[in-house]
Structures are given as C-alpha cells and as structure tokens.
Amino acid sequence: MPSRREFIAKCVRGGLLTGLVVLGGTLMLRPRRDDENCKFNFACGSCSLSDSCNQAEAVSLRSTVWQLDPSKCIQCGRCATACVITPSAVKCTHAYVMCGYCDLCGGYFKPETKTLTTAAENQLCPTNALKRKFIEDPFYEYTVDELLCIGCAKCVKGCDAFGNGSLQLQIRHNRCVNCNECSIARVCPSEAFSRVPANKPYLLNGFGTERLANDKTQQEG
Amino acid sequence: MRKKAILFLLFLLTLFQSMESFAKQRFPKPEFESAYTQPETLQPGPRYELLAYLDVLVLLSTLSLISWLILKKRSRKGVFWISIFSLAYFGFYREGCVCSIGAIQNVSLGLFYSAYTLPFTALAFFVIPLVFTLFYGRTFCAGVCPFGAMQDLVAIQPQKMGSRLNSVLGLLPYLYLGLAVLYAATGTDFIICRYDPFVGIFRLNASFGMFVFAGILLGSGVFIARPYCRFLCPYGVILNWFSRFSKKHMTITPANCIQCKLCENTCPYDAINIPITVKNPETKQELLKKFILICILIPVLIAAGGYTGSKLHTTLAEVNPRVRLAKAVMDPVKMQEKPESYEIKAFKSSGKPAKQLLEETNEILRKFYIGGWLLGGFMGLTFGLLIAGRLITNYNPDYVPNKGTCLSCNRCIEYCPVKV
Chain G
86 MPSRREFIAK
96 CVRGGLLTGL
106 VVLGGTLMLR
116 PRRDDENCKF
126 NFACGSCSLS
136 DSCNQAEAVS
146 LRSTVWQLDP
156 SKCIQCGRCA
166 TACVITPSAV
176 KCTHAYVMCG
186 YCDLCGGYFK
196 PETKTLTTAA
206 ENQLCPTNAL
216 KRKFIEDPFY
226 EYTVDELLCI
236 GCAKCVKGCD
246 AFGNGSLQLQ
256 IRHNRCVNCN
266 ECSIARVCPS
276 EAFSRVPANK
286 PYLLNGFGTE
296 RLANDKTQQE
306 G
Chain U
20 MRKKAILFLL
30 FLLTLFQSME
40 SFAKQRFPKP
50 EFESAYTQPE
60 TLQPGPRYEL
70 LAYLDVLVLL
80 STLSLISWLI
90 LKKRSRKGVF
100 WISIFSLAYF
110 GFYREGCVCS
120 IGAIQNVSLG
130 LFYSAYTLPF
140 TALAFFVIPL
150 VFTLFYGRTF
160 CAGVCPFGAM
170 QDLVAIQPQK
180 MGSRLNSVLG
190 LLPYLYLGLA
200 VLYAATGTDF
210 IICRYDPFVG
220 IFRLNASFGM
230 FVFAGILLGS
240 GVFIARPYCR
250 FLCPYGVILN
260 WFSRFSKKHM
270 TITPANCIQC
280 KLCENTCPYD
290 AINIPITVKN
300 PETKQELLKK
310 FILICILIPV
320 LIAAGGYTGS
330 KLHTTLAEVN
340 PRVRLAKAVM
350 DPVKMQEKPE
360 SYEIKAFKSS
370 GKPAKQLLEE
380 TNEILRKFYI
390 GGWLLGGFMG
400 LTFGLLIAGR
410 LITNYNPDYV
420 PNKGTCLSCN
430 RCIEYCPVKV
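In the order they appear, the protein sequences are chains G and U. Residue numbering for the first sequence follows our numbering, starting at 86 and increasing by one per position. Residue numbering for the second sequence follows our numbering, starting at 20 and increasing by one per position.
What the hints contain is simulated information worked out from the structure, not anything from laboratory work. Do not take every clue at face value.
[What the hints assert, rightly or not] Straight-line distance between alpha carbons at most 25 Å, and here's what the computed PhoX-like set of lysine-lysine pairs gives:
id: 1; chain 1: U; residue 1: K43; chain 2: G; residue 2: K285
id: 2; chain 1: G; residue 1: K218; chain 2: G; residue 2: K195
id: 3; chain 1: U; residue 1: K43; chain 2: G; residue 2: K95
id: 4; chain 1: U; residue 1: K91; chain 2: U; residue 2: K438
id: 5; chain 1: G; residue 1: K195; chain 2: U; residue 2: K364
In this text, all values refer to a predicted model and were calculated from it rather than measured experimentally.
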C-alpha cells in the first residue's frame with residue numbers, strides 16, 4: 086500500500102525536520118555556559134571565567150580565528166612544520182614597543198658569537214629572516230621579513246631568554262586559512278592555541294601580564 | 020667595556036630568571052637622539068566576517084539551482100557545470116574549509132560543551148544540505164560537495180561492485196561517523212579534518228601521507244566511482260537516512276517505466292534497484308520467522324557491540340593528548356628512560372599539579388567509557404540493520420533509484436528512452 090508507506094515517510098520527515106530546527110535553535114540561541122575547566126584546547130571557543138584562559142572578557146561574536154598565546158609558548162619549533170600551509174602561517178612578530186634595541190641581541194646572534202656582525206655564521210635565524218639595522222650608537226633595529234620567516238621560534242627563544250621578549254610567535258591572519266581544527270594546535274605541547282574573537286585576533290604579550298592592543302589590526306579580504 | 024657589562028648582566032639575568040613566562044623589561048626602552056621613528060607592529064586582520072555569510076549564501080543558491088536542475092530540468096549537463104563551480108568555489112577558492120562533512124564535529128562538540136562557540140557557518144553547512152535532502156534527495160552530493168565533485172570527474176570507467184561487497188564496505192562510514200562524533204564530543208580531536216584526503220589538493224599543499232591517501236582514492240576512483248563518498252564519508256550516512264524519507268526524489272523515467280533495461284548498467288554507484296517482481300512469495304510463517312530472528316538479533320548485536328566498545332575505551336582514549344600526557348607523567352620509568360618530551364616540559368613549566376591532571380584524565384576516561392558503549396551499540400545496530408535489510412526483500416516492479424545511496428547525478432536519465 087503506497088499510501089501507508091507515504092504516511093510513515095511523511096511522519097518521519099516531519100520529525101526529522103523538527104529535530105533539525107530544534108538542534109539548530111538550541112545551538113544558536115542557548116546562552117553560553119562558561120566551563121571552569123574546559124578540557125579541550127584544540128577548539129576552545131571562549132571562557133570568561135578563568136584568568137589562565139586567553140579570553141578576559143566574554144565573547145559575544147560567533148566569528149573566531151585561531152591564535153597562539155606567547156605566554157604559554159615554549160618555543161618547541163613545531164609551528165614551523167605542523168601548519169597545513171608551507172611556510173607556516175605562524176611567524177615571528179616583532180612588538181617594537183617592547184624591544185630594547187640591543188647590540189647583543191639574544192634573538193639575532195648565536196650564543197657563542199664573538200663578533201657582533203651580520204655574518205651568516207653568527208645568525209640564529211636559519212633563513213636570514215631577521216634583519217639587523219644600525220640606528221644610532223648603541224641601538225640596532227631588528228625587523229622580521231615575513232616572506233622568509235618559517236616560524237621556527239629560534240629567535241623567539243633567544244629573545245625570551247636574554248631580552249625583553251619582544252619577538253613573539255603569532256598566527257598571521259593574512260596567511261592563516263582558519264582551518265576547522267588547527268593542525269598546529271593538535272600538536273602544540275603547551276596548549277597555547279585557542280580560538281579568539283575575530284575582531285581581536287592577536288595575543289601579543291606586553292610587559293608584566295598585560296597584552297598589547299589589537300588596535301592596529303587592518304581588515305583584509 | 021659596555022659589551023662586557025651587558026654580557027655580565029645577561030649572565031646574572033639568566034641566573035635569576037623566574038618561571039614566569041610573560042615578558043619582562045630587562046632593557047629599558049631606548050631614547051633615540053636621531054630622527055628615528057619606531058615602526059608599528061603590523062597585525063593584518065583575518066578574512067572579512069561578511070564573506071562567511073557569502074559562503075552560506077553560495078551554498079543555498081547552488082543547492083537550490085542543482086535541485087531544480089535535477090528534478091525539474093532533468094539535466095546531467097547542469098549538474099556537471101554546478102559541480103565544476105563548487106569544485107572551484109568551495110574547493111579551490113575556499114580551500115575545502117568549512118565543509119559539511121567536518122561540520123558534524125563542530126555540532127557534536129557544540130552539543131556536549133556549552134562553552135564552545137559554534138561558528139554560525141558550521142551550523143549552516145551542517146543543517147542546510149540536510150533540509151534540502153529531506154525534500155529533494157541527495158542533491159548536495161550530486162555536485163555541491165567539492166569532494167564529490169572532484170571524485171565524480173575522475174570516475175571514467177566505473178565497475179559494478181556487487182551488492183555484498185557494497186554493503187560490507189558501506190559499514191565503514193558508520194564506523195567513521197561514530198568515531199568522529201565520539202572524538203569530537205569528548206573534545207579530543209577532529210578526525211574528519213585530520214584525515215581529510217582532499218584539502219591537500221585544494222590547498223595545493225599536502226603532507227606525504229595525505230597525498231598518498233588522496234592519490235589512492237582518486238586512482239581507484241577511476242574504476243570504483245566515488246570511493247570516499249560511498250565507503251568513507253560520515254556525512255553521507257546522515258544524508259543517506261534523510262534521503263530515504265525525502266519528499267521528492269529524482270526518478271529515472273519522467274513517466275512510466277517500460278522495463279527496457281537501458282538504464283540498468285548506467286549507474287556508477289550501483290544505486291539502481293532492479294525490479295523484483297513477485298516470483299515465489301514467502302509464506303506468512305517464513306516471514307514471521309524472519310521477523311523474530313531480526314527482533315532477537317538486533318538487541319543481541321547492540322549489546323555485544325556495546326560491550327566490546329566499553330572494553331576498548333582505554334584504547335580509544337589513547338588518542339586524547341591529555342590522556343597520553345597523564346600516562347607519560349605517571350610512568351616514572353618511561354620518564355627517566357626517554358629524553359624529556361616537549362609535552363612533559365610544557366606540563367612542568369605550567370606548574371599544574373599532577374593530581375589535577377589525573378582527575379581530568381579520569382573524567383575523560385569516564386566519558387570514553389560511556390562513549391565506548393554508545394559507539395559499540397551503534398555499530399551493533401548498524402550491522403543488525405544491514406542483516407535485516409538483506410533478509411527482507413522489497414518487491415518493486417520498476418527500475419527505481421535507491422533513495423538511500425543514489426547521489427542524484429542524473430547519469431541514468433540520459434539513457435531512458437521515455438520522453439515527456
């Protein structure tokens with residue numbers, strides 16, 4: 086009897102449709118409950134509770150992007166290899182306001198360097214992406230060539246250990262393809278990656294426990 | 020002199036370096052005498068948020084267009100051109116992310132963790148194709164999904180697989196779906212994204228394993244049409260079940276089937292039900308026997324599957340990085356033998372007590388225990404339904420598409436001599 090079959094199919098169809106609507110409605114409209122100990126680092130949305138989390142404030146926007154927290158980063162070097170794009174979307178980002186403009190830069194020179202010249206054997210950076218420029222005695226400016234930087238964190242480690250920590254790893258959003266699950270986050274040993282609101286996409290460290298502002302963020306297509 | 024002083028200072032600083040990882044002002048900000056201006060730290064912003072809504076809009080319009088082309092225009096050419104467009108837009112331009120297949124994980128994570136902010140686009144990409152399928156069959160698979168579109172292009176010499184092989188391999192997507200939901204719901208990993216074979220092609224940049232996997236799929240796809248869609252795709256499982264109850268589904272013939280058999284071998288996906296006319300009808304007793312057998316078999320299979328799943332829960336949980344970390348931290352022998360891994364180093368520098376880690380791990384393991392039961396039960400049910408489906412014969416007089424597995428590619432339509 087086709088009519089009986091059609092009736093059952095109709096009922097199931099109605100049920101499935103209602104199910105979908107209920108699912109979508111609850112997922113979109115329910116208030117976000119903050120989880121005090123969220124146990125997923127790879128797809129963290131936003132908690133407003135704990136200070137150890139990246140988000141100090143509640144996020145009302147649904148649009149999020151990946152970012153890594155330099156204060157959690159242990160400079161393991163996996164960012165350079167784990168990203169889905171080559172070279173990695175994670176690059177060394179120089180927070181100039183924190184730089185001491187040192188002559189003996191822990192991020193630029195290899196530890197045993199005797200002569201502070203730009204000779205290749207002195208440089209820590211494997212791709213010559215960190216450029217050194219004389220400004221005035223005794224200050225030197227360091228700039229990162231984003232096209233050459235592979236995000237290996239060697240300079241970041243040096244600057245963190247001996248300097249002000251102005252060289253920091255950050256996901257560059259003009260390169261990041263914003264994967265559903267960041268493949269670096271998956272292998273990050275210190276759970277430094279999380280999703281951050283898209284209108285504040287950078288987590289640069291400032292001195293102490295403050296963060297540098299995102300106000301210089303330009304929108305790009 | 021100054022250099023030496025700085026070096027000495029550095030030495031002192033390394034001695035007194037504290038565990039706090041936030042940056043410290045070891046050197047003051049220089050006061051420049053020359054006309055040097057400090058450059059700004061460039062922080063390029065992400066993609067416009069508005070473009071995410073454009074993606075949803077494109078999905079909606081391509082789905083509407085392809086459904087109209089399949090059901091009303093009955094055109095294969097239209098489906099082909101839509102699939103080229105989807106491949107270009109969702110595939111190469113959007114680089115395969117966000118996709119409906121992966122959105123399963125976002126939705127399951129969103130269901131179990133209310134703290135997770137589910138992106139609007141992920142939900143839209145999950146729900147919209149399902150709604151369309153509920154009305155018009157799997158038109159999404161026909162040409163909107165970039166994965167399907169890509170495999171459809173290489174299906175040059177499709178061979179018949181035989182119904183038994185088809186249904187056994189057809190169990191794989193159920194397992195994949197179950198595992199994907201389990202790992203997403205426990206906040207472990209997004210395995211669909213991790214083992215996605217085609218994003219590497221879309222991004223023109225793949226790891227070796229990904230490249231080999233995609234190569235195998237596309238290479239075998241010449242003879243086995245759409246291997247990923249039929250034997251792996253977890254979203255296909257949900258679409259399959261939604262499509263069985265679809266309101267309108269594409270039909271091979273526009274009017275009445277004249278049993279000419281011309282379409283019989285045209286389906287590359289073995290999705291045409293050939294007519295089974297009543298030859299030797301089963302007696303009521305036989306039917307009752309089968310019914311009782313199914314009624315006993317399915318609960319037994321569910322229980323057996325659930326038990327096996329719960330036994331395997333520790334193995335399943337190994338994937339979770341926190342469980343692995345706890346294992347490494349709790350095992351002092353292993354810790355001394357091996358050079359310290361980055362994970363242990365990071366754990367130590369975070370200053371988190373080992374007890375807290377253990378508690379978290381136990382909580383995750385408890386979730387995996389429940390998840391193991393559910394996953395096993397689900398697989399048992401799937402296997403039971405597979406057997407039930409093979410026991411029951413559905414009599415149908417005409418050549419009709421199998422509503423579950425038909426991908427609405429419209430190839431068979433071209434062979435039907437009946438024209439309106």
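Hint by hint, here is what the structure shows:
1. U:K43 to G:K285: It holds: about 23 Å lies between the C-alpha atoms, which stays within 25 Å.
2. G:K218 to G:K195: Holds, because 17 Å separates the two Cα atoms, which is no more than 25 Å.
3. U:K43 to G:K95: Not satisfied, since the Cα-Cα distance of roughly 67 Å exceeds 25 Å.
4. U:K91 to U:K438: Within the cut-off at roughly 13 Å; holds.
5. G:K195 to U:K364: holds (23 Å)
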